[in-house]
Amino acid sequence: MDSNRASSEQDLSVAGSMAAGSELGPLTLEGIEGVETPKIVDWEDLQQELARLWSLSAALKKAKERKESLAQKLESIIEVRRESLRQTNELEEMRQQVETRKVALGNLSMRTMRTSEDVKNQREQLCLTIRMLLVAGKNLSAAHQQLQEANKLLSGRRGHGHLRNLQKMLRTRQQYMVNQVAALYPVKGLDEQTYREKHNSGDYIASCSPNVSKSPQLSPLTILGLQLTTLPLKKMSFFSDKKEFQSSASVLGYVAHAALLIASYLDVPLRYPLRLGGSRSYIHDYAPSVESISSDLSANPILTGMNAKPTEFPLFLEGQDTTRAAYAIFLLNKDLEQLLNYIGAESLGPRHVLANLKELMRIIQSQEYIDM
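Those letters in the sequence shown? Residues 1 to 372, by UniProt numbering.
It is possible that some hints are incorrect.
Simulated pairs of lysine-lysine, DSS-like, Cα-Cα distance not exceeding 27 Å [unchecked claim]:
1. Lys152 to Lys168
2. Lys62 to Lys73
3. Lys102 to Lys120
4. Lys243 to Lys188
Just so you know, these hints were derived from the structure itself, not from any lab.
Starting from the given sequences, assemble the full structure and let the hints guide the process.
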């Protein structure tokens with residue numbers, strides 16, 4: 001009896017274990033308390049044990065279901081969290097992209113502002129240039145109009161042709177006046193026979209004649225029949241021929257008067273002014289002499305050259321220093337050279353007074369002077 005009961009209890013326990021195993025699923029027996037030493041339950045307590053096992057099985061099933069539910073919830077939460085992290089990462093990346101674009105947009109806006117300022121400045125400069133061009137265009141138009149009017153005036157009755165006619169009339173009048181001077185003071189060549197007679201008689205001193213000895217290619221010249229022949233190297237003595245000195249003084253007076261008249265007709269201020277006195281004429285030199293410079297330096301060195309008075313040199317030899325007289329003739333020849341240069345001619349030399357005067361009157365009396 002006891003053996004049967006024990007075997008049945010053992011079968012029930014095995015069945016319960018199998019039922020519990022079927023309910024709990026594929027569980028391993030290792031680690032379960034009482035597996036090696038199974039508990040022996042009495043028959044009277046079998047019902048309670050079965051009920052307890054059933055409740056434990058139901059609780060275990062509920063726990064498993066709860067576990068699965070929690071696992072699903074946890075999985076969903078994890079998935080939501082994962083999605084949230086992904087979205088957070090994407091949002092951070094987008095935020096970084098937005099920041100980068102903001103920086104790029106800021107730089108672009110700065111460049112845009114600078115470009116707009118440059119465009120504004122260039123627009124202002126362009127406007128200023130346009131205004132200047134407009135003003136220049138108006139001035140150019142006015143200048144062009146004035147040029148056209150000037151061309152009309154030049155091509156008209158009172159234009160360039162009229163000016164040329166006036167200049168021609170002026171030169172004609174100057175030529176007429178110089179013709180009068182040439183008639184008043186004719187400069188002619190000395191007659192060859194007269195020249196031989198004077199030369200053979202000894203009255204003519206060739207060594208002292210600047211018009212013959214120094215220029216053999218030029219024939220001797222006279223003005224009103226008088227010849228500039230005597231330029232002695234020493235002062236006139238008691239035995240000197242006064243006629244030669246008086247003749248030379250008269251010649252120099254004639255030349256000075258003719259040069260002064262021609263200069264006034266040509267409206268040319270002479271560099272060395274003349275003080276006419278016939279055969280006692282003088283010529284002025286504004287260059288200070290050595291004596292005046294030394295005296296001015298001793299008196300007031302600051303005013304030296306500011307109030308320089310002209311020095312007079314005699315155009316005659318009688319009673320004068322020959323050096324001063326020779327320098328006066330040199331200055332008179334420089335005045336003739338100035339007049340020749342004014343009409344575009346060259347001097348024949350520094351010692352050819354009568355030749356330069358004749359050349360001056362010849363050029364003015366020619367047709368070339370009218371057509372200049």
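* To do: Sort out whether lysine 188 lies within 27 Å of lysine 243, counting only the CA atoms.
  => Holds, at roughly 21 Å.
* Regarding the pair lysine 152 and lysine 168, is the alpha-carbon distance no greater than 27 Å? -> holds, 22 Å
* To do: Starting from lysine 62, check that the Cα of lysine 73 is at most 27 Å away, please.
  => holds, 16 Å
* Keeping to a limit of 27 Å between CA atoms, is the pair of lysine 102 and lysine 120 held or broken? -> Satisfied, since the Cα-Cα distance of roughly 26 Å is no more than 27 Å.
Every hint from the earlier list agrees with this structure, and none is contradicted.
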